[in-house]
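So the chains spell out like this:
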Amino acid sequence: MAPTAAEAARFARQLGLPGLGEDGLARIRAARVHVVGAGLVAGPALLSLAQAGVGTIFLDDGEDVRPGDGRTWLCAADQEGTPRALAARETLRAATSLTAVRFHATEVRPGATLVCSESQVTATRAAERARTSGVPCVVVQATDVGGQVISVPLGAPCLRCASRPAAGAHARDGVAAAMGCLGALELLLLLAGLVPRDAGRRVELKDGRFEASATVRREGCDCYLVY
Amino acid sequence: MATSIEESTALVIGAGSLGGPAALVLAGAGVGRLLLVDAAVTGQSDLSVQPGLAEADLGRPRAAALAGRLGRLFPGVAVEPIEAPFAGEAAAALVARAGVVVHASAEAELAFSANDAAMAAGRPFVHGGVLHLSAQLLTVMPGRTGCLRCLFEAPPPGGPAPGLEAPILGPLAGLAGSLMGQEAVRLLLGQPATYAGRLLTYGARAGQGRLVPVRPRPGCPACEAVQLQPPGTQGAA
Numbered sequence: 001m002a003p004t005a006a007e008a009a010r011f012a013r014q015l016g017l018p019g020l021g022e023d024g025l026a027r028i029r030a031a032r033v034h035v036v037g038a039g040l041v042a043g044p045a046l047l048s049l050a051q052a053g054v055g056t057i058f059l060d061d062g063e064d065v066r067p068g069d070g071r072t073w074l075c076a077a078d079q080e081g082t083p084r085a086l087a088a089r090e091t092l093r094a095a096t097s098l099t100a101v102r103f104h105a106t107e108v109r110p111g112a113t114l115v116c117s118e119s120q121v122t123a124t125r126a127a128e129r130a131r132t133s134g135v136p137c138v139v140v141q142a143t144d145v146g147g148q149v150i151s152v153p154l155g156a157p158c159l160r161c162a163s164r165p166a167a168g169a170h171a172r173d174g175v176a177a178a179m180g181c182l183g184a185l186e187l188l189l190l191l192a193g194l195v196p197r198d199a200g201r202r203v204e205l206k207d208g209r210f211e212a213s214a215t216v217r218r219e220g221c222d223c224y225l226v227y
Numbered sequence: 001m002a003t004s005i006e007e008s009t010a011l012v013i014g015a016g017s018l019g020g021p022a023a024l025v026l027a028g029a030g031v032g033r034l035l036l037v038d039a040a041v042t043g044q045s046d047l048s049v050q051p052g053l054a055e056a057d058l059g060r061p062r063a064a065a066l067a068g069r070l071g072r073l074f075p076g077v078a079v080e081p082i083e084a085p086f087a088g089e090a091a092a093a094l095v096a097r098a099g100v101v102v103h104a105s106a107e108a109e110l111a112f113s114a115n116d117a118a119m120a121a122g123r124p125f126v127h128g129g130v131l132h133l134s135a136q137l138l139t140v141m142p143g144r145t146g147c148l149r150c151l152f153e154a155p156p157p158g159g160p161a162p163g164l165e166a167p168i169l170g171p172l173a174g175l176a177g178s179l180m181g182q183e184a185v186r187l188l189l190g191q192p193a194t195y196a197g198r199l200l201t202y203g204a205r206a207g208q209g210r211l212v213p214v215r216p217r218p219g220c221p222a223c224e225a226v227q228l229q230p231p232g233t234q235g236a237a
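Going line by line, the protein sequences match chains A and B. Mapping to this note's numbering: the first sequence position 53 is 53, numbers consecutive. Mapping to this note's numbering: the second sequence position 230 is 230, numbers consecutive.
No wet-lab data here; the hints were simulated from the structure. From the three backbone atoms N, C-alpha and C, an ideal C-beta is built for every residue, glycine too. One or more of the hints may lead you astray.
[Said to hold, decoys possible] A few chain A residues that face chain B, going by a derived Cβ cut-off under 10 Å, partial list only: (1) 71; (2) 74; (3) 173; (4) 208.
Produce the complete structure using the sequences and hints provided.
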C-alpha cells in the first residue's frame with residue numbers, strides 16, 4: 001500500500017533504504033508491538049519503534065518514575081512518582097502522532113513482542129508467552145559490557161535454547177541504550193522482511209565486538225511445538 | 001581542571017540521528033556542560049530518526065530543541081545550543097573548551113574538519129557515521145592512534161552534498177550514537193576507550209561487526225599538527 005503524504009514525508013529516509021521500500025514500510029505501519037519494560041533499555045527501544053512508524057505500541061511496565069529515570073529518555077524529573085508507563089505514553093505521543101500508544105492488557109493481541117525487562121524471570125515469561133501465542137519475539141539482555149539480542153521468529157528455537165548465560169553487572173547507560181536500539185532494530189528488520197522470518201539469531205556485543213550466530217534448539221527441548 | 005564528569009565539558013557536533021542519542025547518553029551520565037553545534041532546523045524526517053526531538057519541535061533549530069529536551073530530562077546539566085555551522089575560529093574555540101569532541105554529522109567534509117580541529121587541540125575525538133544499514137565508529141587519541149585522515153586521507157569524492165539526507169533506519173543510528181556517547185563518557189572519566197585506534201563497522205542485515213586497526217600514517221598532516229595536552233587539563237565545565 002502506498003504511504004500517505006504525511007508518511008512519505010516523515011519516513012523518507014526509511015523509504016530510500018534498499019530492500020525496504022513501500023512494502024516494508026507498510027508492514028512496519030501495520031505492526032502491533034507489545035514492549036515489555038520502560039527502563040534504561042526499553043526507553044530508547046520504544047522511541048526507536050515509535051519514530052520508525054510502528055502502527056501500535058502496547059506499553060507494559062509496572063514501575064513508578066524514580067530519581068534518575070531521565071536516563072530512560074522517557075521520564076522527566078517532574079514526573080517522579082507517577083507510573084512510568086504513563087510518562088512513557090506522554091513522551092511517545094509527543095514524539096509522533098503517527099503511532100498509537102496504548103497500555104498492554106490481557107485481551108490485547110499483539111503481532112510481535114519486544115522484551116526489554118531487566119528481570120530475567122519476567123523476560124523469560126514474556127518470551128514464552130509470545131512463543132506459545134504464535135507471536136514473533138525479540139529479547140534484549142544487557143550487561144555492563146554489552147549483552148545479547150535474541151530473535152525468536154515463529155518456529156525458531158526458544159529463548160531458553162537461544163540465550164547464553166550473561167555474566168556482568170547492570171548495563172551502563174550508553175550500553176543499555178545501544179542494546180535497546182539494537183533490539184528495536186532487530187525487530188524492525190524482522191517486521192520489514194529484511195532478515196529471514198523463519199530463522200532465529202543471536203547478536204552479541206562484548207567489549208566492543210559484535211557477533212551474530214544462528215540459534216540452535218537444545219536437545220530435548222520441545223519448543224518446535226508451536227501452539 | 002576537570003576532576004570529575006560533573007566538571008567536564010563535551011562538544012557534540014550535529015544534533016541529528018547520531019548526535020541526539022550521543023547527547024542523551026552524555027547528559028544521562030552527568031556531564032557538566034554540553035556544547036551542541038547544529039545549524040539545521042527540525043524537519044519531518046528528523047522525527048523518524050532523532051529520539052531527542054518531538055513534533056512540537058518542527059521548524060525550530062535542532063540544537064535548541066534538543067537542548068530543551070535535555071534540560072527537562074536532566075535539569076542538572078548545562079546545555080549550550082550553538083545554532084551555527086562548525087567552522088573557522090569559532091570552531092577552534094569550541095574545541096578548546098571541551099574535554100572530548102564527538103562528531104555526529106552526516107557531512108563528510110565536516111567530519112574531516114572536526115578531526116583536524118580536535119587533533120590540533122589535542123582533544124580525544126569520537127567519530128560516527130551511518131548509511132543505509134551500516135554504521136561505523138572510531139575513537140582517535142591524538143598522538144597515540146591514527147586519525148580519520150590517517151584512514152581516508154580526504155573526504156570521498158562525489159559524496160553526499162551538505163544537507164542531503166542519506167537513507168537510514170533510526171534505531172541503527174540510535175545504536176551507533178549511544179555507543180559514541182558511551183565512548184565519550186569513558187574518555188571523560190579517564191577510562192580506556194573501547195574503539196581507540198580501531199574502526200568498528202556494523203552491518204545490520206548480517207548482524208556482524210568488524211574491527212579494523214587504525215594506525216598513525218606517516219606524513220598525516222592532522223597528526224603532525226597535534227598539540228598534546230597535559231593529563232587532566234582539558235574540558236573543565
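How the hints compare with the structure:
{"no.": "1", "hint": "71", "in the structure": "holds (4 Å)"}
{"no.": "2", "hint": "74", "in the structure": "holds (9 Å)"}
{"no.": "3", "hint": "173", "in the structure": "holds (5 Å)"}
{"no.": "4", "hint": "208", "in the structure": "holds (4 Å)"}
Going through the hint list in order, the structure satisfies each hint without exception.
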